[in-house]
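*Asks:* Using the sequences and the hints, build the whole thing.
Number of protein chains: 4
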Amino acid sequence: MVESIPLATATELIAAAEEKATEIENPMVITVANSEGNLVAQHRMDGAWLASVSISRNKAYTAAALETPTHELAEPSEPGNSLYGLQNTDDGQLVIFGGGYPLERDGEIVGTIGVSGGAVAQDRTVAEAGVDRWQELTE
Amino acid sequence: MVESIPLATATELIAAAEEKATEIENPMVITVANSEGNLVAQHRMDGAWLASVSISRNKAYTAAALETPTHELAEPSEPGNSLYGLQNTDDGQLVIFGGGYPLERDGEIVGTIGVSGGAVAQDRTVAEAGVDRWQELTE
Amino acid sequence: MVESIPLATATELIAAAEEKATEIENPMVITVANSEGNLVAQHRMDGAWLASVSISRNKAYTAAALETPTHELAEPSEPGNSLYGLQNTDDGQLVIFGGGYPLERDGEIVGTIGVSGGAVAQDRTVAEAGVDRWQELTE
Amino acid sequence: MVESIPLATATELIAAAEEKATEIENPMVITVANSEGNLVAQHRMDGAWLASVSISRNKAYTAAALETPTHELAEPSEPGNSLYGLQNTDDGQLVIFGGGYPLERDGEIVGTIGVSGGAVAQDRTVAEAGVDRWQELTE
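Residue numbers (my numbering), protein chains in the order written: chain A, 1 to 139; chain B, 1 to 139; chain C, 1 to 139; chain D, 1 to 139.
Hints are all accurate, no fakes.
Partial list, derived from the structure: chain B residues whose beta carbon lies under 8 Å from chain C: (1) Gly37; (2) Ala64; (3) Ala65; (4) Leu66; (5) Glu67; (6) Pro79; (7) Gly80; (8) Leu83; (9) Tyr84; (10) Asp90; (11) Asp91.
Some chain B residues judged to face chain C by a derived CB distance under 8 Å, without partners named: (12) Glu36; (13) Ser82; (14) Gly85; (15) Asn88; (16) Thr89; (17) Gly92; (18) Leu94.
It should be emphasised that the hints constitute simulated quantities derived from the structure, not laboratory data. Predicted model, so just to flag it, every value in this text is computed and none were measured. Note that beta-carbon positions come from the ideal geometry of N, C-alpha and C, so glycine has one too.
*Replies:* Here you go:
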């Protein structure tokens, strides 16, 4: 069974992320996906980069497909390390830099969030605002 | 510069479409795109088909890329008619059945809406609820 | 050896096609390719459809790849006919409706032209203006 | 509505770039795209590399999709840096070495130019001839 995040919850997480993006003055594209990495909702804020439409979606996909925050994938994917070449697999859907996070309930991943539109630090800050909102909702 | 539909407007159109989809008890995936067919916002209602994630997005793309409602493409694309084979072009992005509509302002296409999730008649009904909302907003 | 059309000639053919497109008031995308179907030059006239960027290029590709005008491919590709399914082959690059033409010199195909942006009859009229210019130049 | 670079302007920029490419004796492929990264015009100079057809187009795409000159992407995309893996995202459309530049008017990106065909230094020199021409035209 695919555990999913309801659309109403997904848009709440996106709203929290958008609020943070507005606060740091960096328009973002924000995607919430289900536990199979398939889209629940995606918003492109006014002025956000076009490339981020694909990248935010694939960050959300990657967090589901490898059940991990995407920023943990960069180091093992470097030349000489164990997963070197990871970013070229899975039909080019994997993103190995930060901004994608699993969303868990009772230790199970039930969805993910992926954010793109700025430097990686900004992407992570905005995505974490969505994760924080998720944690408030599931407490 | 892309004079696009702002995200706030896109989510209003999606809300109007969702309301109609709820009324007819048929969960849908709804996408609003800009005039170049690139995503502004996309929502997958709870229970909507997975295939509709791609189809609704490509209906929105098609309405922009050929500047036409997608239901007008079916007949000319039939075997024996002038555009037979159209559905196999443009990297498989063109959808030739109903549910994609241009959104115009002062005679210019400034965005599109694409809906998928039911029979084509249902898809069109839900998409037209979004188009109607657009027309109210631009009056 | 790949026989090619020089860029200077390609832009002359495109100019002739653009003149015709302007005359019939239908903005078009026009591509000239070499005998391997690879691009020499492509112009998108102001207001031409986005989908035509891909379709005009693939009409030029198809005319080279099958050494035939594309309008001759529709009938054999219909259900029940010998090439049914052709439009799904070659990684989706083949276009089976009119608007792509080989350009010959001494009975050899040395390039192609592909036009998209209107009804098929319009596409063919505009492409043929390019073919006519080619014939004047090679006489 | 896409406020794009008109075709007539695009071919002027390409002509300026071609003149520079001729001067440095390095045939190039030159693409001008609109602000969403979609093609306005593309020319392959006689003798230019086949791979450059795709690369020049994707440099133009990248400059639009990330709103940045492409040469600024190389360093952050190196192993160990924050965007390592960027070149594998967005369906392989992103080029992270030099030769793609945004074209701005009143601080807004209204199009881009992408050049490929030589060493990156040559690509940049030729692309910058197009950017210079753009700046003369918009003064």
